[in-house]
Each structure stands twice: as C-alpha cells, then as structure tokens.
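Mind docking chain B on chain A? Use the hints.
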Amino acid sequence: MYAVLVSLLAVPLILVSSGKPNLREFWTVLAGVVKFGLVLTLLPGALRGDSIEMTLVEIAPGVPLLLKADPFGVFFAVIASGLWIFTSFYSIGYMRGNKEEKQTRYFASFAVCLSATIGIAFSGNLLTFVIFYEMLTLATYPLVIHKENKEAISAGRQYLAYTLTAGLLLIAAAGLVYYLTGTMDFTPGGVFGGLDISTPMMLTVFLLFLGAVGVKAGIMPIHSWLPTAMAAPTPVSALLHAVAVVKSGVFGVIRVVGYVFGTDVMGAYGLNEILIVIAGTTIVLASLLAFRQDNLKRRLAYSTVGHLSYIVLGAALITPLGMTGGIMHIAAHATMKITLFFCAGAIYVNLHKQNISDLNGIAKVMPWTMAAFVIGSMGLAGIPPLNGFVSKWYLAMGSLEGDMIIPVLILVISGLLNVGYFFPIIWRAYFKQGGEELEKYGEASPFMVVPIMVTATLSILFGMFPNLFFNFFELAADISYAIFNGGM
Amino acid sequence: MIETHLPALIALNFLAFAVIIPLFGIWKSELCQPLATLGAGISAGMSLYGFLYYLNDVPLRYFFGAWQPPVGIEFVYDGLSAFIILVINAIAFFVLIHSKPIAVREFPNKLMAYYSVTMLLMLGFNGMVLTGDLFNLFVFLEIASLSTYALIAIGEKAAPFSAFRYLIIGTTGGTLYLLGVGFLYTITGTLNIIDMTAMMPEFAGNSSVITAVILMVVGIGVKCAMFPMHGWLPDSYTFAASSSSALIAPIGTKVAVYVLIRVMLYLFGIELLDLVIPISYVVGLLAAIGILYGSIMAIAQDEMKRMLAYSSISQIGYIIMGISLANPYGFIGALLHILNHAVMKACLFMVSANLRMKEGHSDISKFDHTYRKKYPWTMLSFSVAAISMVGLPPLAGFFSKWYLALGTIEANNWLFLSVILISSLLNAVYFFRILEKVYMKNPDADEQVPDEGLVSDEVKPSMLYPMSIFAAGLFLIGIFNVAIVAVIMNMFPAGL
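Heads up: the sequence lines are chains A and B, in that order. Positions 1 to 488 (my numbering) are the ones given, in order, by the first sequence. Positions 1 to 496 (my numbering) are the ones given, in order, by the second sequence.
One chain only, chain B, in its complex shape:
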C-alpha cells in the first residue's frame, strides 16, 4: 500500500518534521539534531525503497486526494526524479549526522530554528523535484529559497548581508521563471508539465514560447549559479555556517539543475528549444565560460570554503554543459556528475567544517604539514575527494568527465572538449596546492614544527564517519559506475 503513496510521503515527511522539531526543541534543544537526522533518514530510506521498487516501472503519477489535474496537485515519480530525490535525501541525511558539533559551536542558541528550517528546505527541494506542475514548482522553489536565505543568514557576521544579496538576486530569478510560466499558461492554458509537453509541438516557433524559454532558463540559471548569474554564490557559501554550506552546496544547485533538465530537455525538447535561436548552444557556451571562470577564481582564493564555492560554479558548469550537448553521452555525464559532484562537494565541505571545528579557521595559507598527523582521516578524505575532482581514475570524477568528453566528441564540439580538459588541469592546481601544504614541510618556513610529538587529534566520529563514507563512496561510484549509467540510460528524454 505504502508504495502508491510514496512520492507524497517522501516530501511531506519533511513537513511533519519541520513541525515536530520546534515542539520537541522547546523542551530540549539537543533533540533537534537527532530528529532532523531521523527525518532525513526516513525520507532517504523511502527514496531508496521507491527507487528500487519503481526502477523498471513506468512513471508513477500521483494525484493528491485523487483529484485529477488541472484541479488537483500532481507529483510525478519517474526515473529521473527518483534518482535525484535519492541523491539529495541521502546526502542530506549524512550531512545532518555530521552537523551537530559544528552547529553547536557556531550558533548554539539557534539550533531549533536551524533544524526546523532545514526540514523546510528539504521539503522545498523534494517538492521541486517531484512536482508535476510548473506553478507548484515555483511555490516549492520559493519555499526552498526562503529557507536557504534563512539558513545562510545564520552564520558569520557578513552572512546576513550575503543572504540579503542572495534574496534580491534569487527573488528576481524566481520572478523571471514565474513570468515565463505565465507566458506558457496564456498559450497552452495548462500548467501541468505532462499536458504541456504534449501540446508543445503545436506551438513550435511561437514567439511567446521562445520568450518563455528564455525567461525560464535565465530564472533557473540564477538558482543554479549559471555564469554570469552566479554572483550570489561565493559569499553565501563562505559566510554561511559550515553545517549550512555543507548542506546547501552539494544539493541546492543540483535541484535547480534538475529543473533546468526538466524544462530544457523534457518540457520543450531539444528540437523546439533550438528552433529559432540555438539556445542550447548559448547555454553551453555560458557553461564553458563558467567552468573556466570558476576554476580560475578558485585558484585565487585563500579561504577554503570560498575556493570550494568557486569550484562549485565551475562544476555546475560541467553539468549544464552536459545538458546543453543534448546527446546521450552528455546526458549521462551530466546526471552522473550531479551525483559525483554532490558526494565530492559534501565531502569537501565537511572537511572544511572539520578544520574549522578544530583550528577555528580554514585559511589555506595557514595550513601546514602538522595537519597530516593531527587530522589523518580528514586529510585522507580530502585527498580522495580532491583527486576525484581533478578527475583521475578510478575515482568517480573521472567517469563523469569521461562521458562528458565523449559527449563533446559526439557533438563535434572541440571547444567544449578542450574546456573540460583545461579545467581539469586548473582543478589540479588549486587542489594540489593544498595537498602540497598539508603533506609536505614548507621549505621556506623559518622554523619547522617537528613531526615528533604530534598525535592524532581528529574530530568526533559523528563528524568523521559521514565524511569518510563519502570518500569511500567515490571509489565505489567510480568502479561501479556502469550500474548507475545503466539506470540513467532508462531516463533519456524523448528525442535524445
């Protein structure tokens, strides 16, 4: 029985926990984190169950209260959304396990609010992925965005400012998206994605549709930090509390990218998209610029979280580029990279959180060789994730790069191929810079801290294990990527 209601349960579970947490939190604030973890765990478990259960089934359309659209609310649980839901809920679960000590350290008085808002955020993300209706998508987008603004504002001194900036930019993006939806509604008379997809070919070449596409792509582009709409991201990730950035960075932009896939490849389809203006090529070009820009800016950063934020801009570029190629390899590469990048970035942000926990900062210039003795596991995880980011086999990052490269070759797009390859080198520069500092003595230093006497001073297991699991996961994803790719191949949109 539960299977049929699964899509609704996965999302609504978060809503329930968003209410439960304040109720218990008033009584005992230390209960908040276990409850939030439990909530994410339940949803992650259900996502996994649903993913396996519906793996080979036709897409499931779930109507709330059995009201058919256009009256009722619809959730669509197909291969793509099941995959994304599983990724984001699983990541959230591990990140929440990890979050307690750093949350207590950075904002001890706001735990209840923090974890409750986290649940709302996850509700928004889950809703965005599952919904079958363009307007509801906007509603969930706003839920997620408002929660994000709140979470980012809980942070360092500069956090409220960066949250406000994000609020302005993000709301503009949301509005543009809504405007696009409005255009479509006036033409088609429906908001339901499946209905609208069926109607689209009738309106091929219609100038309102083209306008709508552009508005929607730009609007979503803001949310997924597509170059040049990325301006809000570095500050937000840097100044937010470490537990927030570890949660938002891996999955926030991914959900927006998912919406981009839905809109570009499913709703409009690549033919319609490129009918008048080669929109996919323009998007790909922006992604390429973003890849290089993000990597170069990352090299220039001295703060680890900020570096990771710029690296995110670049990695999102990979995914968007894969989508814009609109061929099977590009699509596989993009979706695999959604998973890979989520795991890698979660792992890396956890590393930075661990370092902040212990050292009180994550300034790269202050890193030295004592770290490898003091934090052996944190540094090992960092190395694994970093090497995966650079894209060396057999780690996960290599394979998404490989499929993306094949996609660019198939599209005969040598420019994009060289961008992917050059960017890997740039990644190597900013990651090996840290590895060098951590694993080697600084030959320029005036006085050397001797190795003797340094003992392991790792963070608590609750912070250590989630990070190590992700690092180990990068090996597993890499070696068994074919199984994942086989799943992805079932979700090709029509016309690919």
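Here chain A stands alone, though its shape is the one from the complex:
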C-alpha cells in the first residue's frame, strides 16, 4: 500500500540531489525496486482473490481516499512498476546519451507519474480514481514538453486540452454515479444493479465516462493527442504512452465496464454495442493510419492506438473469455510495445534517425536492438508463440462465446495490417543496403540494450508460459470471473 508513496518520497530526494546525477538516478532506481517489491508482496493475496484496503483520509463526506489492492489493481500495478525499473535504467542511458537538459525535472516528474499510475491501479472508488487520474495528467505534462521546442509546446497544449477535458467529464460522470447510486466504490459486477434508471440517463453517464477514460485509452476520434505527444523523449513514450498513461485509460475502461456499470447493465442498455463499434473502428483505422507514418515513433503510436482498442474490445464483448483476453493484452501489449519504443529510442540516440525511410541496413550495426524489434513487432501481429498471440486468441474466443463474428474478422484483419506496417521496417533494416556512414557506429549503450533485451525476452517467455513468475493468466481469469459473478 505504501507503494504509491515510495516514488512520491523519491521526488524530493531527486530534486535535492539535482547537482549529483549519479545519486539522483540512484534514488530513481531505488524507488523503482522498492515499489516493485512492495507491489509483489501484494501478489499472493491477489491470487487468492483477497483485497487489502487502506483508508487514508476522508476526502468528501462519506467518501474516503480509499486505496484497495484488488486483483485487477495488483495486476496493473505489477506491470507498471515492473517496467518502471527497466525504463529507469533505459532513461539513464537515453538522457545521458542525448545530453538532455533539465534531467532533474524529468526524473522527478517520472516518479510522480508512477505514483499516480499505481494510485490509479489501487483506487478503491471513483473519487480516488479522479484524483490520481488528474495527478497523472499534470505530472505527464512536463515530460511531454521536455524538449521545449515549438513542436513540444504545441504537443503539450494539445495534451492538456484533451486530458483536462477528460478529467472534467470524469468529474461529471463520477458526480452522476454518486447522485444516482449513492456510492462511488468500485464493485465487481457494478453498482447499478437493481436500480431503475432511464435509458437516456444511463447513456449520458456512459458517454461521459467514455469521453473521460476514452481519451487516455486513445479510442477514436479522441486519440490524436497520442501521436502528437511523441514529441516527448522516447522513454516517456515507452513507459507512459505505451504503458502507464494509456493503460490507465484502458484500465479505467475495464473498471467502468466491470466495476461501475457491470456487464449485465452494459448488455441490458446496449452500451457494449457502442463500445464494440468504436473499438472495432479504432483498431482498423489506426492500423491503416500507421502505414502512412514515416516517423518511427508516430507509427508505433498509431499501433498503440490500435492495440489499446483490443483491450477495450475485450471489455466490450462482455463475455468472460473476452474480458480475460482484454486483461491479458494489457500485460502483453505493455512488454512488446515498450520493447519497440526502447528500440526506437536506441536508434535515435545512437544514429540520430527517426524516420523509417532512413533505417536501411541498420540491423548490421545494431543487431541486438533490431532482433528485439522483430520479436516485439511479430508479437503485436499475434504470431505464436509470442505473448500477443495468447491474448488475441482469448479475444477471438470471447467474441465467439458472445456469438459475434465481426470482432473476430477485425482481429484477423488487424493482425494482417500489423504485419503489413511492421514488415517494411524489418525489411529495410535487414535487407536493404545501408549508407557508408553507418560503419562508424556500433550498438547502443548497455544501459539501453540490456533493458531492451530483457523486455523482449519477457515477451517470448510470457507467450510460452503465461503463468510464469506472476501468474498473469490466472490472475486475469480470476478478475474476469469476479466481474461476471459479482465478487469472489
């Protein structure tokens, strides 16, 4: 439970030691390890289906600031805090390799972001969720504008415009839920059971939520901040815009679907159909748009938009298997996409190239990085035995369970499109002849290559043994069971 606080505590330490980079980074890494350790201690309890609660202060009459480590929260927290450790090492390599300015602000904001993410994971009620959600918005802003050039500033503005609006919608939605049901607690199976609420009202609440969590989840048509936010340094894109921030969005979607509305209510009011249509459209359109991007990070960003909607789709199917698949994909996409972003960052720091058309022949100079890139991209395309396959399989099973064929078709098409937009990169890197100037470069710094290899390896391992280390699969199935059967 103190996991939320650990990285917050690290912030003053990071700020104070701004003059001594080694000490400063030591605090970051230490906070990351301690945080991960604390989250891991919660894992056995979560596997048993227990929830640990901690009430901090009352923030509104009858509504406490409630931290609750339920299985789903622990699941998300393990992923976010685990990957933070790798990202920390990688950040050190990246920031120093690029000789970036204002590294103190960077590391401090990063630590706040992680606190907020873990806070989101453990939020026991909507108001707590709102607070951490807004905190995350605010803490990410300095990271987006880090470069302080025109592009970054306009990206920052756009980011704020989208996410602040989302926060306000969330406040309105939370207020409405409180007004209608008298509670704001996240309850497996939802809080609307047994209440007679008119369809327009329900639709209003749902659309407010959709706008609120949908922005961070990158569903179309409110996704466009995400590609723009790629102006941020790559570790930010890697952890925040592939894992922490956007996953908070999809985490929110599942929380809303499973713990506020409940799957029965979703189905009864036909809300899930809206979600399926939006998610399906987003998957296909984002994959198509990814083709058009020459900037590597932007292509990855569109790919992220598409894959986030896999998770949304999983929730929208309102079948147990689909939900399991969606939750699994949170973990799967996290390891793979972070690998890909790490690769993009390594290429940028090492060769100063950001465009796909410039990547000819780079596999020769950066063999490890590109190998990891291949693993990550094939995983996203859903090729067994990588971990993208498992979640996709369950998503497909889930839609069949709900007697729906179109989602399966979308998954298949999207898999092909994934291959389509990743393959040219790999082809250029391996089979095209690179320029003369490439010869003077070698592999990127070990600070960057080691995290890349680790996350790539994790992608393979989790693909073959989904229950390895953390019992992710079991956990996902348990969570899904809880949602559909109203608690453990």
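Some hints here could point you the wrong way.
Quick look at which bits of chain B chain A covers, simulated, 3 or more residues with Cβ under 8 Å [claimed, not checked]:
no., stretch
1, 390-397
2, 405-412
3, 424-437
4, 478-486
With a straight-line Cα cutoff of 25 Å, these simulated DSS-like cross-link-like pairs (lysine-lysine) come out [unchecked claim]:
no., chain 1, residue 1, chain 2, residue 2
5, A, Lys150, B, Lys374
6, B, Lys373, A, Lys150
7, B, Lys373, A, Lys147
8, B, Lys441, A, Lys99
9, A, Lys150, B, Lys441
10, A, Lys147, B, Lys366
11, B, Lys373, A, Lys102
12, B, Lys441, A, Lys102
13, A, Lys150, B, Lys437
14, A, Lys102, B, Lys366
The set of hints was computed from the structure by calculation and includes no laboratory data. Glycine residues also receive a C-beta, built at the ideal position from the N, C-alpha and C atoms.
Same frame as chain A, but now just chain B:
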C-alpha cells in the same frame, strides 16, 4: 468573561487601531505597518478563538450596552458569521504582513493614511458580517465602501479615476440596497434580521417584499461584482496599489457575497424568494454568464493583475451559483469556495505584487523563463495557486468545484454543470499560458537568455512567507476539506 464580548471586541479592535495608527504614525511612520498587522492579528486570533469556542454552541446574540432591539445595536455571532470573520481576518493578517515593502515602494508618503484606512475597511467588513440589523449593515457597508474608494485611489495614475467610477457605481448599489430595506421596514416595522425573518412568512407574495428582494439583491450584486454589475472591478483592482488589491480582492467581494447569502437564504428563505418570480434561478443564470464572461475576458488580458481581476468576477460567479442552487451541496460548495478563493486570490495577488516589486511590472507578455530561476518560490506558489484555480486535485479548488458540481447535479441543472466544467478549461488556458512562459524557453525568441548565471533573487521573507503559507494552505484545505465541510454543514439555513 471575554467570550461573551468577543463579537464586539473583534470588530471594535479595528476601530481602536484605526485611531492608534495615526497617533503613532505622526511620530514614526514605519510603525504603521507593524501596528496594522498587530491589529489584524489580534482580531484574527480572537476570531479563531471565538470560532473554536462557539463551534458547537447556539448562535450568540450580543446586545451593545445590554440594550435590547429594536432600541439597541445587535451583533449576531453564529456559525456562518464566525466562519466568514475568521476567513477575512486571517487573510487580512497575512496580507498586511506582506504589504510593507510594496507599500513603501508604491506610495512612501501615504503609509499612515493607508494603514489607518485599512483598519477602517476591516471594521466595515467585520461589522457587515456581524451585525444583526439591516440598517446597521448599510452603515457598515458604507464604512467599508468609503475606505475601499480611498484605498483604491492610492495607486497608479489612473487609480483615482477608477476609484471615482467605483464610487458612483458602488453608491448607487448601496442606495438600492437601502431602498429595499426601507420597503421591508414599512411592511414589517423592524430592522432586526432575526425578528424580520420570523415575520416573513406572513408577507409571502406581498409585492413590496418582492420589490425589496430585487432591490436588495441588485444592490448587493453591485458590491459583489455580480454580472452585469461588475464594471467597476477590473479597473479598480488593476490600478490600485498592489498591497490594496491583495487585500481587497480576496475579501471585499466575499463579504458582499456573505450578505447575499444572509439575505437570500436566511432572511427570505428560498421558498419565499422564488414564490412569485424564480429569483434564485435568475441570479444563478447571471452567475453562469459571469463565470464564462470573466474567464474569457481573463484570457484576453495581458496584465496579470487585470487578468486576476477578471478571474475574480468568474470565481465570484461560482459562489453565487452555489448559493442560487439552494441545496446542501451547492451551499457547501459556495462556502468552501469563499475560503478557497480567498486563499487562492490572496496568493496570486501577492505573486503579482512580488513581481512588481522586483521587475517593476506584471505584464504577462514580458514574462520569460528566467523567472523560474530568479523567483523560484514565487513561481512555485503561483503554480500551486494556478493549478488550484483550474481545479485539479488534491488542491483546494478541486473540492469546491466538486461540491458545486454535485449541487448542480442534484438540482438537475445540466446547464450550470457544463458552465462549471467549461470554465475550468478556460481557467486552464489563462493560467497555463503563464506557466508555459515562465517554465519554458520561448522557442520564437531571437536570442535566448542562458540559464547559467541566473541566481535566486527572491523578495524579502516578509513577502515570501505569507504567500508560501497560502500556497501550502491550499494543499491542507484540499486534503482536510471534510473537516471544514463538517463545520459548514452545521450552518445550513432553515429549509435547505
């Protein structure tokens, strides 16, 4: 013993200091500011003591010289007035600590007059809050207003002009209020608020009462800068000396809003108010327009004090909207926002005063990234207050917005809900505009001032600490808002 006389002492203390300051000021003008601070400090201390002492007690009615009304003068010290008194006196205390260097810089020859008038102003405000009599309320209102005109006139070149304008508008407002009181007096035969409240139901639907309500609401509306009676405010706040605007902006309009609460929700009560014409809805609508108008105008301003002034119009709108909702959440939101906005605005005006102290201006277009190095604490306080104004948790501003939003939902008023939400976004626009300038290099600038070599060049601690305390207070109010809300819940007017 002192407890029973507390209401009178809190207010009269200011009167005493208003006299003491000139006496000592003739001898040594540098004594004025410490004396004024001391005066505000004593009253703030007594307010705090009284607030805690009478927290759970029945309202205290204090009769001057033990003369019973209608002959004697009465002060009413109940939960609501104790709360407001505490807020305004505490804010005044901190602002006065802060005021010395900027006052010396902006009007070195008028210190004695300035601080003496400040005390009179506080006397007027305290009296307005405490009085139990509608006519005395007018008297205190005029004391406060006349002092305000004087304080505003001590300022830049354009200040006397804006003070004169305020004088005209303000006096009109005061007169309208008095006219309303006159109507009520002819019907009820009393001026005592408690007596009159008891009589009100007899006169439900009486056209004179309706006229009186409208006259009084409009009259007070001028004083609290309710849209469209806000015209005097931007110029007054902008051209007044920085120490005056830091004092008047956070508490002046709040006291007027307090009177509005007294009149609308306590004296008449919401049922009587809306019996013939839905006055509360009209007031709420005006507040909504004011919120949007203030925010949009604030975006258009290039001078920080002027921007803050327009922002005040918008924030007052929040409070008035909360009152007009006339339900528990709206009431909580309004009262919490009185406190929050007072702290935030005091903090922000202090920031602008600090910048004027150091840079000689507060033109937003001239802000640049060197400020974050030169004035790290000022800018940090600004960021905190700004983020609170935008309404992001866990800062204070979020919670008043939250309760107001709940109030609008409870009233099924989606229009007001969307106004509150949209206005938060507009707030974000005008505050992040400054944050961007201060914390980031300007990519369009031709030549960059390098970061190296910039050292902290902060204002004196006496200016720094009050501001930082307010900024820190925003965190505390936010996190412990439930304690404050619990107090507010004890003061619900009847029928809410």
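Structure-based check of all given hints:
1. 390-397: holds (count 4)
2. 405-412: Contact hint for the stretch 405-412 of chain B vs chain A: holds, 4 residues under 8 Å.
3. 424-437: Since 5 is at least three, the answer is holds.
4. 478-486: Since 6 is at least three, the answer is holds.
5. A:Lys150 - B:Lys374: Holds, at roughly 24 Å.
6. B:Lys373 - A:Lys150: This hinted pair holds, its Cα atoms lying about 22 Å apart.
7. B:Lys373 - A:Lys147: 18 Å, holds
8. B:Lys441 - A:Lys99: 17 Å, holds
9. A:Lys150 - B:Lys441: 10 Å, holds
10. A:Lys147 - B:Lys366: 22 Å, holds
11. B:Lys373 - A:Lys102: Satisfied, since the Cα-Cα distance of roughly 13 Å is no more than 25 Å.
12. B:Lys441 - A:Lys102: The given pair, whose Cα atoms are some 12 Å apart, holds under the 25 Å limit.
13. A:Lys150 - B:Lys437: Holds: A:Lys150 and B:Lys437 sit about 12 Å apart, inside 25 Å.
14. A:Lys102 - B:Lys366: 23 Å, holds
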